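Asks: Sequence:
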Amino acid sequence: MRDVRTELIRAVRAVLIASGVDDQVEAVVDRSARPEFGDFSTPAPLRAARVLRRRPIEIAEELRGRLEALQLPFVAGWTVSPPGYVNCRLDDGAWAPTVIDQALELDRGTPLVIPGEAPPRGRTLVEHTATNPNKAAHVGHLRNACIGDSVARILRRLGHEVEVQNYIDDTGVQVADVAVGLRHLGIAQGADEPYDRYCSRVYVEVGRRYEIDPDLVEERRRTLREIEAGDGETARFVKELASRVVDCHLATMRRFDIGYDLLTWESDIIALGFWSRAFELLRETGSIVHVTEGRHAGCWVMPSDGEEADDDDAKVLVKSDGVATYTAKDIAYQLWKFGLLGRDFRYRRWHPGDADSPATTTTGEAELPAEGFGRAARVINVIDARQAYPQQVVKRGLARTGHAEQAEQSIHLAYEVVALSPAAAEALGIPLEEGRKEYALSGRKGIEVRADDLLDKAWERVGEKAADAETATMLAAGAVRYYLEKFTLSQIIAFDFDDALRVTGDTGIYLMYSHARAAGIMRKVEAAPGPVVVPALEGAERALLHGLDGYRHALAEAGAALSPSTLCTYAFELASTLTDFYEHTEAIVREQDPARRAFRRRLVAATRATLADCLWCLGMPAPERV
RNA sequence: GCGCCCGUAGCUCAGUUGGAUAGAGCACCGGCCUCCGGAGCCGGGAGCGGGGGUUCAAGUCCCUCCGGGCGUACCA
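So the first sequence is numbered by the working numbering: it starts at 1441 and just counts up by one.
For the record, the hints were derived by calculation from the structure and aren't laboratory data. Possibly wrong hints are sitting among the right ones.
Stated by the list, open to error - The calculated DSS-like cross-link candidates involving lysine-lysine, where the alpha carbons are at most 30 angstroms apart (straight line), are:
id : residue 1 : residue 2
1  : Lys1905   : Lys1679
2  : Lys1964   : Lys1897
3  : Lys1897   : Lys1885
4  : Lys1885   : Lys1769
What the hints assert, rightly or not - Pairwise CB distance ranges, derived in the manner of DEER restraints:
id : residue 1 : residue 2 : range
5  : Asp1653   : Val1763   : 22 to 30 angstroms
6  : Ala1691   : Lys1759   : 35 to 43 angstroms
7  : Arg1789   : Arg1676   : 16 to 24 angstroms
8  : Ala1558   : Leu1625   : 56 to 64 angstroms
9  : Gln1827   : Asp1463   : 36 to 44 angstroms
Just so it is clear, the structure is predicted and the values come from calculations on it, not from any experiment. C-beta: ideal position from N, C-alpha, C; glycine also.
Take the sequences, apply the hints, and build the full model.
Replies: Okay, here's the thing in structure tokens:
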């Protein structure tokens, strides 16, 4: 069977139809608001009253009769309460063992697909991280990576075929800036200074010098042109620089258990002529127009929907100097992602010797089959909300070139940025403004909290109590991830050190601690064989069973909404329910009745398994002890 | 100007796509270690920005106003 709630929804839907209401009325089933009503309740009769033109309470009585007649094996009885709810009380002896068994059978090798509902056909491509390879990753980049990684995990857990890509913009202004700085400013790398941090420092300094040194600005222009051209000394220098920073980023993300299937390089997109091919497609379909006068004179632009050429919303794709904009290359990339471009990369392993290494695109010798990459049915781009407009243009590019279906399956998973709380801003030496609640990060100005530094801080914090260094490493990474994932995507995170490094309350530490506690009980109480006999349930036990039963629903919901925070909320509730059980029922080690002891032990085992599964989806460790 | 997002307890945030009495963490105050791990638990006070509307039912949907953020580049 599926989870209890899904079964009840099916049953309610069936009796609604039998009563003459088709799908006009949704079969809503929720946990009962109060225990005295039962385990689950449906307000469907209230909604059906309008359609049937009858009193809700009468409809409720009728539905109750029909539901009773279904004789669902896990249901003890149905009641009606005014003004027109139908309530269900479960048969503990029937539903509890099923819920426990299902939790104990959780296996990450077996997707949690709902029986009868096959996972979607085709590949889902998730692009995330995409940090410019010119500086150390900061907490904003880390939010992107955590969201993307968890979405990928959740979808995989639900049986989707997922490919994760990290886009490397190695031809943009930002990397050019650092190249200029490295070549002309003579700043030395510190002895123990990691390369990405060194680049961060150079990046800030070169930004300052631009203000006072016009020659340096000219040098940037020249550098960009040479990068665009693709071969020559500068291009090689920049590729090397970007590669080294990418390695730093990969190492940083690996500390958070974040990995990738493929690195896609913008320089490869240019070198392999992706844009020129996309340009042909756009031109042939009339998706773009060449503007001869006005402020866009000499440019190729994509007009906005339903307006004439060169209106205010038109987006420039080719500048008057003939160079394609970033958005233009993004359209080409997006067409490739769906296998619509008619061109492909070549592929090899990024670091052949390293088992954790992703694959990478290359213009050199192909070592991996091309069929393994791209060709997506659905594309999810994890990109911050500020880029909604260019992402819309990318989507429009697909629609205009005749790929309405793929445009529909192009999802900009927008999330709000990470900013600094007043306290964090003050700690970084930023002057505070009256009434201002958040302060923007800026890699360019050096105003940032680096991902590695944050993790180091967390490690020191949890290390005070952790069993050993290895445990501290797990706890620190899990704590930081939870902090960055628990906010809804549309919420700006005003990053605060106290909140991020907290070890009590609604934190990743609490979740991992709960898991370790459950694991500890299992070490202390030996497993007992035989069938589960369900005793008279205490409140905390019933709550725990409901928590376990709700996992599939929560996971499916998080997957449908592409929302890790939904799963965070679920995880914290489950952990809290476990704590409640732990604190307010008799210790299992002291339980004398063997049947009850066995039942309670299995209940804890099922909870541990569910929590571990859930933590995996959130990219968090499930430690056996802390 | 136009578009998107945010506004829920002193602070930081949830709120199951419209359901019964709006939750949690932090902070503050007061309790709980002869008890499977106290990174815990129990108790205490206070809230849906304002105003209309739709509905049996609105934090949730519509309109409007007020605050705040972001976008609206031949930057990425």
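Asks: Hint by hint, note whether the structure agrees.
Replies: Against the structure, the hints come out as follows:
1. Lys1905 <-> Lys1679: Given pair Lys1905, Lys1679 is violated - Cα atoms ~44 angstroms apart, limit 30 angstroms.
2. Lys1964 <-> Lys1897: Answer violated: Lys1964 to Lys1897 is near 34 angstroms, above 30 angstroms.
3. Lys1897 <-> Lys1885: With a Cα-Cα distance of about 22 angstroms, the restraint between Lys1897 and Lys1885 holds, given a limit of 30 angstroms.
4. Lys1885 <-> Lys1769: Holds. Lys1885 to Lys1769 sits at ~27 angstroms (cutoff 30 angstroms).
5. Asp1653 <-> Val1763: 22 to 30 angstroms: 24 angstroms Cβ-Cβ, so the 22 to 30 angstroms window holds.
6. Ala1691 <-> Lys1759: 35 to 43 angstroms: holds, 36 angstroms
7. Arg1789 <-> Arg1676: 16 to 24 angstroms: holds, 21 angstroms
8. Ala1558 <-> Leu1625: 56 to 64 angstroms: At 58 angstroms between Cβs, range holds.
9. Gln1827 <-> Asp1463: 36 to 44 angstroms: With a Cβ separation near 38 angstroms, Gln1827 and Asp1463 satisfy 36 to 44 angstroms, so the hint holds.
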